[in-house]
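Trainee: Residue strings, one per chain:
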Amino acid sequence: MKFIKYIGSIFTGLRSLAGGMIVTWKELLTPKVTMEYPENRKTLVISDRWRSELIMPHDENNEHACTACGICMMNCPNGTIKVTSLSIDTEDGKKKKILDKHLWNYGSCTFCNLCVITCPSDAIIFNNDFEGAVFDKSKFLHQLNHEGSKLREKKKESPVPASDATAKKEN
Amino acid sequence: MLIYSQPLELTKLLAAIDNFLQGNLSPGWAILVKGILVGILLLATYALIALALIYIERKVAAFFQARLGPNRLGKYGVIQSLADMIKILIKEVIHINKADKLLFYAAPFFVIVASVLAFGALPFGINLHAIDFNIGVFYLLAVSSLGIIGILLAGWSSNNKYSMIGAMRSGAQFISYELSAGFSLMTIVVLSGSMQFSEIIEGQRYCWNLFNGHLPAMIAFVIYLISGHAETNRGPFDLPEAESELTAGYHTEYSGLQFGFFYLSEYLNMFIIAAVATTVFLGGWMPIQIKGLEAFNQAMWYIPSWAWFFGKAGLLMFLSLWVRWSFPRLRIDLLLNLEWKYLLPINLVNLLVMVLVVLSGFTLTDLFPVLFGK
Chain U
1 MKFIKYIGSI FTGLRSLAGG MIVTWKELLT PKVTMEYPEN RKTLVISDRW RSELIMPHDE
61 NNEHACTACG ICMMNCPNGT IKVTSLSIDT EDGKKKKILD KHLWNYGSCT FCNLCVITCP
121 SDAIIFNNDF EGAVFDKSKF LHQLNHEGSK LREKKKESPV PASDATAKKE N
Chain P
172 MLIYSQPLEL TKLLAAIDNF LQGNLSPGWA ILVKGILVGI LLLATYALIA LALIYIERKV
232 AAFFQARLGP NRLGKYGVIQ SLADMIKILI KEVIHINKAD KLLFYAAPFF VIVASVLAFG
292 ALPFGINLHA IDFNIGVFYL LAVSSLGIIG ILLAGWSSNN KYSMIGAMRS GAQFISYELS
352 AGFSLMTIVV LSGSMQFSEI IEGQRYCWNL FNGHLPAMIA FVIYLISGHA ETNRGPFDLP
412 EAESELTAGY HTEYSGLQFG FFYLSEYLNM FIIAAVATTV FLGGWMPIQI KGLEAFNQAM
472 WYIPSWAWFF GKAGLLMFLS LWVRWSFPRL RIDLLLNLEW KYLLPINLVN LLVMVLVVLS
532 GFTLTDLFPV LFGK
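Protein sequences, first through last, are from chains U and P. Under the numbering used here, the first residue of the first sequence carries the number 1, and numbering increases by one thereafter. Under the numbering used here, the first residue of the second sequence carries the number 172, and numbering increases by one thereafter.
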């Protein structure tokens, strides 16, 4: 009896080994899903939710939506954003604060998205451009507002409703 | 022996070199120069095969693990192992303070010399055989078991518990499985009636030993593959260097070229095992020949004998890689269990069966001399 069990155990063992090898053989032949990154730049798909570089969208008139209120700067957990403003006199004699420089440091940003969420005028967003490597640390300091850009004038007739604005904040 | 046209064979080139040397030098010097040339050629082949094997291993391993493997350096990463070689050559050899200096430095040489000695005796093709001993199989077994001395020395002299445990495990494993490998080769020596590689190959002209000895030969083949695989210290028998338990086992303390020697000899031992299995079981460099079909035989001879040899050995090496990347590491008691309770008894019975088969004329060449006879 013991001898039969011994012989049987050899065949059970061989069968299970063959089973294992069949599994790995199938694995050998499965098409590989590895993305070869620098070669596949053209077909690369990055999720829209991916946050890589903070930008301030400008329209065709070189106008942005930033009012230089500084909320993004205040909300930034590690002081990555620095907003400097100028105060100018408008035609009707009022003093007005306009954006001078919106500085953002790529190197210290944690991409937490708080600045984008809290911005009351949706002036800044994170884009998908992830290839941000540079050879010099000073190049990490981005100025987000373009040269000579100015605030987009809002039409007085249709101000953004308050409820709408809060809804946007929660997004 | 029938004469076939063999356009890609190296025999003519070798004969030309031989004539040139004999014609220009006195006999003693000619032999010396020939010896040096053969030595250089063998060492170069050794290094090239190792490089190729390392690349193939990494690529095959990657494909078994649903990856692509090295693909940055050259097309499909083909010069990756060359770059690795350059890296390992320029690395520092680190001196261990409390190591046994002499043994520590001698150990890698034992390992690599054993594998070069075995490598030198392999028949790579027609006339591509450095030395054709009449006890070739015996010689090969003897020198390939020298390597274990190097491994034990490495473990002992490193003054490191991991190295020591690794070396001890390796010793237990190697000595156990050497028995099985020896007995399975003995089975084939019984079948072919010779220990000389050239005669073993010539005897397999129309029927490989694997089929000639049918059941016992196939059992011996499987046992030889298992024990040969275990001798090379590769997974699932890689407990001498089980990296999750022993960092790297016996070569933990080695760096630079000294580590390179261990690495090289591991891959070359894999090749040697495959080459011996090819020679002894699968007809060596002999192309596939069918008695009576002269046109077919002629066509087969157009493929040079060394290509047959490397092709067959390559298949066996692929099998070895396949096994390596399929199974988990064995525990030490299970490993010895497999050898002493299964492989060795089966092997002894198998040897007896083979003797009976040969004596009572049940080999295929005896049963069907028209189809397979010499």
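Calculated from the structure, these hints are not laboratory results. Here the structure is a predicted model, which means the values were calculated and not measured. Idealized CB from N, CA, C, for every residue including glycine. There's no promise every hint is true.
As the list claims (entries may be wrong) - Restricting the straight-line Cα-Cα distance to at most 27 Å, the calculated cross-link-like pairs of lysine-lysine (DSSO-like) are:
hint	chain 1	residue 1	chain 2	residue 2
1	P	Lys269	U	Lys32
2	P	Lys246	U	Lys42
3	P	Lys512	U	Lys2
4	P	Lys230	U	Lys5
5	U	Lys42	U	Lys32
6	U	Lys82	U	Lys101
7	P	Lys246	U	Lys32
8	U	Lys82	U	Lys97
9	P	Lys258	P	Lys272
As the list claims (entries may be wrong) - Simulated DEER-style distance windows between Cβ atoms:
hint	chain 1	residue 1	chain 2	residue 2	range
10	P	Ala313	U	Ser16	49 to 57 Å
11	P	Leu208	U	Val45	51 to 59 Å
12	U	Lys42	P	Leu350	34 to 42 Å
13	P	Gln236	U	Val45	35 to 43 Å
Trainee: Give a verdict on every hint.
Mentor: Against the structure, the hints:
1. P:Lys269 with U:Lys32: 48 Å, violated
2. P:Lys246 with U:Lys42: 20 Å, holds
3. P:Lys512 with U:Lys2: At roughly 13 Å apart (the allowed maximum being 27 Å), U:Lys2 and P:Lys512 satisfy the hint.
4. P:Lys230 with U:Lys5: 41 Å, violated
5. U:Lys42 with U:Lys32: 19 Å, holds
6. U:Lys82 with U:Lys101: Answer holds: U:Lys82 to U:Lys101 is near 8 Å, not above 27 Å.
7. P:Lys246 with U:Lys32: 17 Å, holds
8. U:Lys82 with U:Lys97: 15 Å, holds
9. P:Lys258 with P:Lys272: 25 Å, holds
10. P:Ala313 with U:Ser16: 49 to 57 Å: 36 Å, violated
11. P:Leu208 with U:Val45: 51 to 59 Å: 58 Å, holds
12. U:Lys42 with P:Leu350: 34 to 42 Å: 59 Å, violated
13. P:Gln236 with U:Val45: 35 to 43 Å: Given a distance of about 24 Å, which is not inside 35 to 43 Å, the answer is violated.
The earlier numbered hints that this structure contradicts are 1, 4, 10, 12, 13.
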